[in-house]
Amino acid sequence: TTTTTTTTSTTTTTTPPPPPPPPPPPADLFVADTFTRSVAAGWGTPDTGSPWTVIGPPDRFAVDGTTGRITLDAPGLGVHAYTDGTPAGSTSTDVRATLGVDRRAAGGSIFISVAGRHVGDHDYRAKLRIQPNGNVQAILERFVGTETPLANVIVPGLTVTGPTTFEVRLQVVGTNPTAINLKVWPTG
1038 TTTTTTTTST TTTTTPPPPP PPPPPPADLF VADTFTRSVA AGWGTPDTGS PWTVIGPPDR
1098 FAVDGTTGRI TLDAPGLGVH AYTDGTPAGS TSTDVRATLG VDRRAAGGSI FISVAGRHVG
1158 DHDYRAKLRI QPNGNVQAIL ERFVGTETPL ANVIVPGLTV TGPTTFEVRL QVVGTNPTAI
1218 NLKVWPTG
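Each residue of the sequence shown is one higher than the one before, counting from 1038 in the working numbering.
By construction, these hints were calculated from the structure, which means they are not laboratory data.
A portion of the hints provided could be inaccurate.
What the hints assert, rightly or not - Derived CB-CB ranges, DEER-like:
1. N1213 - R1106: 33 to 39 Å
2. A1216 - G1145: 28 to 34 Å
3. T1212 - P1095: 32 to 38 Å
We put the beta carbon where it would ideally sit given N, CA and C, even for glycine.
All chains should be modelled from the sequences, with the hints used to inform the complete structure.
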């Protein structure tokens, strides 16, 4: 009687697949800006969207490779930066921005506005008022020749005592009626 035993040994090594590529930006992304360029006077062109337009002396606007900055060194300065990235006829926008100040204003308030929809001289916006005591007031308003406040609240948990950044998300959806949602919170 003959017995034959066969032993086979197999080693299998598997390598995990490479990570998937990052997803493409949404098809309905109108404007995106990481401010990863340097511009001495103005803000230049965002990563996605049309160039920024600045209203006010261009040297008050700069991009340092990480941040778009506006310098306000005197009371009552009204400067603006905007881009016409939203296509005509858009009835829904979702704006997300990181904003900040380096200090409270001496003796007055600092106002920062973010427009969610702008058509001609009409817009829906969030206005943030940094009060002399450091409280941040969030105001939803409609602008049609004049500002009409729709709602306002002091943002809980957000007080400016020195350099402070905060996040803003403003959604403007639909027409007649238009729904407006605003969220403001400290960065981090």
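Assessment of proposed distance window 32 to 38 Å (beta carbons of T1212, P1095): 35 Å, holds
Assessment of proposed distance window 33 to 39 Å (beta carbons of N1213, R1106): Given about 38 Å between the Cβ atoms, the range holds.
Distance restraint evaluation - A1216, G1145, Cβ atoms, bounds 28 to 34 Å: 33 Å, holds
Violated hints for the displayed structure: none, as all numbered hints are satisfied.
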